[in-house]
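Trainee: Quick mapping for you: the protein sequence lines, in order, are chains A and B. The first sequence begins at 1 in our numbering and counts up by one. The second sequence begins at 1 in our numbering and counts up by one.
These are calculated hints, taken from the structure and not from any lab test. Where a beta carbon is used, it is the ideal one built from N, C-alpha and C, also for glycine.
Incomplete in silico selection of chain A near chain B, CB under 8 Å:
| id | residue |
| --- | --- |
| 1 | L38 |
| 2 | P40 |
| 3 | E42 |
| 4 | R69 |
| 5 | E116 |
| 6 | F118 |
| 7 | A119 |
| 8 | E121 |
| 9 | G122 |
| 10 | A123 |
| 11 | Q169 |
| 12 | A173 |
Looking from chain B toward chain A, a few residues come up when the C-beta cut is under 8 Å (computed):
| id | residue |
| --- | --- |
| 13 | V39 |
| 14 | T121 |
| 15 | H128 |
| 16 | T139 |
| 17 | E140 |
| 18 | G243 |
| 19 | F308 |
| 20 | G314 |
| 21 | G315 |
| 22 | L323 |
| 23 | T336 |
Chain B residues, not near chain A, derived (Cβ > 10 Å throughout):
| id | residue |
| --- | --- |
| 24 | G59 |
| 25 | R189 |
| 26 | G391 |
| 27 | A398 |
| 28 | R440 |
If you want the building blocks of each chain, they are given just below.
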Amino acid sequence: MPRRSCRLRRAFAILALSASGLAAACPSDLPTTLSLTLLPGEIRGVEHVLQVNVQEDGCLRVHRPAHWRNAGRFGGALAEPSLRGAQAMAQIGLLAGFDGGKVAAELAAADEARGEAFAVEGADRYVLRWTDTSGRRHEVAFAGIFQYAERHPERDDLAAFAALVSMLQAQAARDDLVDLDAAP
Amino acid sequence: MSLPARSIARPFVRRHAAAAIIAALAAGWQAPALAGAYVFANASRPDSVTHPQVYTGVGGALADLTICIDTSVNPALAAQAEGAVRKVVATHNRFASLPANTLAFNAATDIPSGQVDFESTLLHEVGHCIGLAHPNHATESGLAEPARNGTKSAVGSNGVFEQDAGADGLHGSRDDLRGDDINLHWYIRGQNNPGLLPATVDTSTMIRALSALPAGHLFAANADRGVMNALGFANSEAVMQQGAGFNEAQRHFQHDDLATLRLARTGLDRIAATADDYRYSLRYVGQLNNPSNADCNLRVRLDTSTGFAVCGIGGQVLGNGDLRITSANLAFNSATNWYFSPASNTVTTITSDTPDPSPVGQPYTVSVTVREAAGVAITGEPRGTVLVTDGAPAPNTATCTITLAGTANETGSCQLTSTLAGTRDLTADFVGFAGWDGSRGTAPHSTGNVDLLFANGFE
Chain A
1 MPRRSCRLRR AFAILALSAS GLAAACPSDL PTTLSLTLLP GEIRGVEHVL QVNVQEDGCL
61 RVHRPAHWRN AGRFGGALAE PSLRGAQAMA QIGLLAGFDG GKVAAELAAA DEARGEAFAV
121 EGADRYVLRW TDTSGRRHEV AFAGIFQYAE RHPERDDLAA FAALVSMLQA QAARDDLVDL
181 DAAP
Chain B
1 MSLPARSIAR PFVRRHAAAA IIAALAAGWQ APALAGAYVF ANASRPDSVT HPQVYTGVGG
61 ALADLTICID TSVNPALAAQ AEGAVRKVVA THNRFASLPA NTLAFNAATD IPSGQVDFES
121 TLLHEVGHCI GLAHPNHATE SGLAEPARNG TKSAVGSNGV FEQDAGADGL HGSRDDLRGD
181 DINLHWYIRG QNNPGLLPAT VDTSTMIRAL SALPAGHLFA ANADRGVMNA LGFANSEAVM
241 QQGAGFNEAQ RHFQHDDLAT LRLARTGLDR IAATADDYRY SLRYVGQLNN PSNADCNLRV
301 RLDTSTGFAV CGIGGQVLGN GDLRITSANL AFNSATNWYF SPASNTVTTI TSDTPDPSPV
361 GQPYTVSVTV REAAGVAITG EPRGTVLVTD GAPAPNTATC TITLAGTANE TGSCQLTSTL
421 AGTRDLTADF VGFAGWDGSR GTAPHSTGNV DLLFANGFE
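Kindly produce the complete structure, drawing on both the sequences and the hints.
Mentor: Rendered as C-alpha cells:
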C-alpha cells in the first residue's frame with residue numbers, strides 16, 4: 001500500500017498502540033489527515049475560528065478561538081484512539097460524496113412543499129477535510145449542522161457530519177492538552 | 001473592538017487556520033431557505049413578514065411568548081444566564097428604541113475586559129426567534145468583510161450578489177450599487193434613514209420595494225454602525241446587525257429594530273390601528289430540564305451545538321404568504337468567555353409625585369432619578385429618556401417624558417394629568433443609553449374627584 005494511501009488508518013492504528021507515549025511528542029510536523037474548521041456566524045474575525053487538526057501520527061493540533069475562556073494554541077494526542085478512530089472512520093464513510101449545498105436545497109424544497117420553512121439564523125459554518133485511504137483529499141461543509149441534524153433525524157449523512165464534528169470538538173476542549181505558547 | 005493580541009499574532013493561526021478559512025470561504029456557503037429583514041423572506045417571497053409563535057392570525061392581545069433556560073446541559077453555567085434573560089425580557093417588553101447611543105464599549109460598559117456580553121448576544125438571538133433577520137447581508141450571504149455589511153437582499157436573475165459600496169465607500173448606505181439584487185430590507189418611504197422612527201409604522205410609512213427611495217438614493221440603507229455614523233447618529237447600530245465583539249454592549253433596540261417589530265404587529269393587513277393589530281409580552285418561565293415547545297416557546301441552552309450563538313427557527317406559511325414561527329431554539333457556545341450581567345446597572349426611582357392624591361383632570365408633577373446601581377463602575381452618569389405613565393388602562397393612559405442630561409445627582413420631572421379616578425402604580429421607565437441599562441421605578445398615586453379627595457384628607 002502506498003505511504004499516503006494509508007495515512008488516516010495508520011494514524012489511528014498507531015494511537016491504538018500507545019497514546020500516552022505519543023503525547024510527549026505531539027504535536028508533530030507530520031501532515032494533517034483529518035481537520036475541522038468552525039467559522040462562527042455571529043462574531044467576526046479570523047481569531048474566532050476553531051481549528052482542529054489530526055495529524056498523520058495521531059497528534060492533535062488545536063486553535064481555540066479568541067472568545068473561548070481558554071483561547072490559544074494547544075496540542076496533544078488523540079484520546080481513546082481505537083474507539084475514536086473507528087468512529088471517525090465510520091463517520092467519514094457516511095460522508096463520501098456529501099454535498100452541503102445540495103442537501104440544504106433538498107431540505108428547503110421539502111419544507112416548501114409542505115408549506116413550512118426552517119432557518120438557522122447566525123449559523124456557524126463547519127468544514128471537515130480528510131485524506132482517504134487512497135490518498136485522495138475530501139472536503140465537506142455545512143452551516144448549522146447541529147440544528148439541521150436535530151430537525152432531520154432520518155438523515156444519516158447529517159447525523160454522521162454532526163457526530164464527527166462533536167468528536168473533534170470534544171478533543172479540542174480537553175483539559176489535558178498542552179498550551180503550545182506557555183512559558184517552559 | 002479590542003482584541004487580545006495574543007490570539008491574533010500566533011503563527012499557527014496564520015499558517016494553518018487562515019489557509020483553512022480562506023479555503024472554506026472559497027467553497028461558498030450553502031444557500032439555506034432564509035433570510036431577510038424578516039426571517040424566511042427571500043427572492044420568491046420578498047414581502048413576506050414573519051410573526052412570532054403566539055400569533056394566531058387574528059389581532060388583539062396574544063398569549064405571552066415564553067422563554068426559559070434549559071438546564072439539561074451545563075446547568076451551572078446555564079443558571080448564570082438568568083439575570084441577562086430577565087433583562088432581555090424587560091427590554092423587549094419596554095418596546096422602546098433609540099436613534100443613537102445604542103452601542104457602548106470598554107469603560108463605558110459594565111463588561112469586564114476580554115469578555116463577550118451574553119445579554120447583547122441574547123437580545124440579538126431573541127430578535128431572530130421572533131422573526132427578525134439580519135438587516136445586512138451577514139455571513140449567510142457568503143460575502144467577505146466589509147461587503148457583507150451591505151443591505152440584506154436576495155440575488156437577482158444572475159445568481160450573484162452585486163454588492164458595490166458606491167461613491168461613499170460605505171457598504172450598506174444609500175448609494176450602494178446593487179445591479180439586479182432584490183432588496184429585502186424595509187425602510188421609511190421617502191426617507192431611507194434608519195435613524196428615524198415614524199409615529200405610525202405600517203405600509204403607509206414603510207416599504208420593501210425600492211420605488212419609494214428619495215431622489216438620488218440607489219438602494220435601501222441599513223443601520224450599520226458606519227452608515228449610522230455617516231448619517232450623524234453616533235454609536236448607533238441595529239441590534240439585529242450581525243457581529244458581536246469583546247467589551248461591547250448593545251442592549252437597547254435601535255429605531256430600525258423597533259420599526260421592523262412594529263410593522264409585523266400591524267398584522268396581515270399591515271395597516272396600523274386596525275382590528276388585526278396584535279400585541280404580546282415576553283415572559284420568563286424559569287429554568288427547566290429539557291423543556292418542550294409546549295413548556296416554553298424560546299429555549300435558551302448553553303452547549304456545543306454552536307461555535308458562538310444561533311437561533312434555529314421552524315416556520316409555517318400563512319394564507320397571505322406571511323409566515324408564523326412554529327419553533328425557536330437558542331444555543332450559545334458553552335466554552336465562550338461570556339459576561340453574564342446579573343441585573344440592571346441602573347436604578348430608577350420616583351422620588352415624588354405631588355400633589356398625591358390629585359384631582360381628576362388636574363396635573364401633578366412626577367420627579368425621577370436614575371442612578372448607577374451599587375457595585376457598578378461605568379464612566380459618566382446615566383442619561384437619556386424616561387417614560388412616565390399613570391398606569392391607567394388604554395386609551396386613558398396618561399404619559400409624559402423626562403430627558404436626563406447626565407449631570408451628577410440629577411433629578412428630572414414632568415407632569416401627568418390622569419383622567420380616571422383610582423389608586424394606581426405610576427411607572428418610570430428609563431429606556432437606557434449607551435452602556436447604561438434600562439430600569440423601572442414605580443410608586444403608588446391616587447386620583448379622585450374633589451369630594452373624595454377631601455374625604456381622604458386632601459386640602
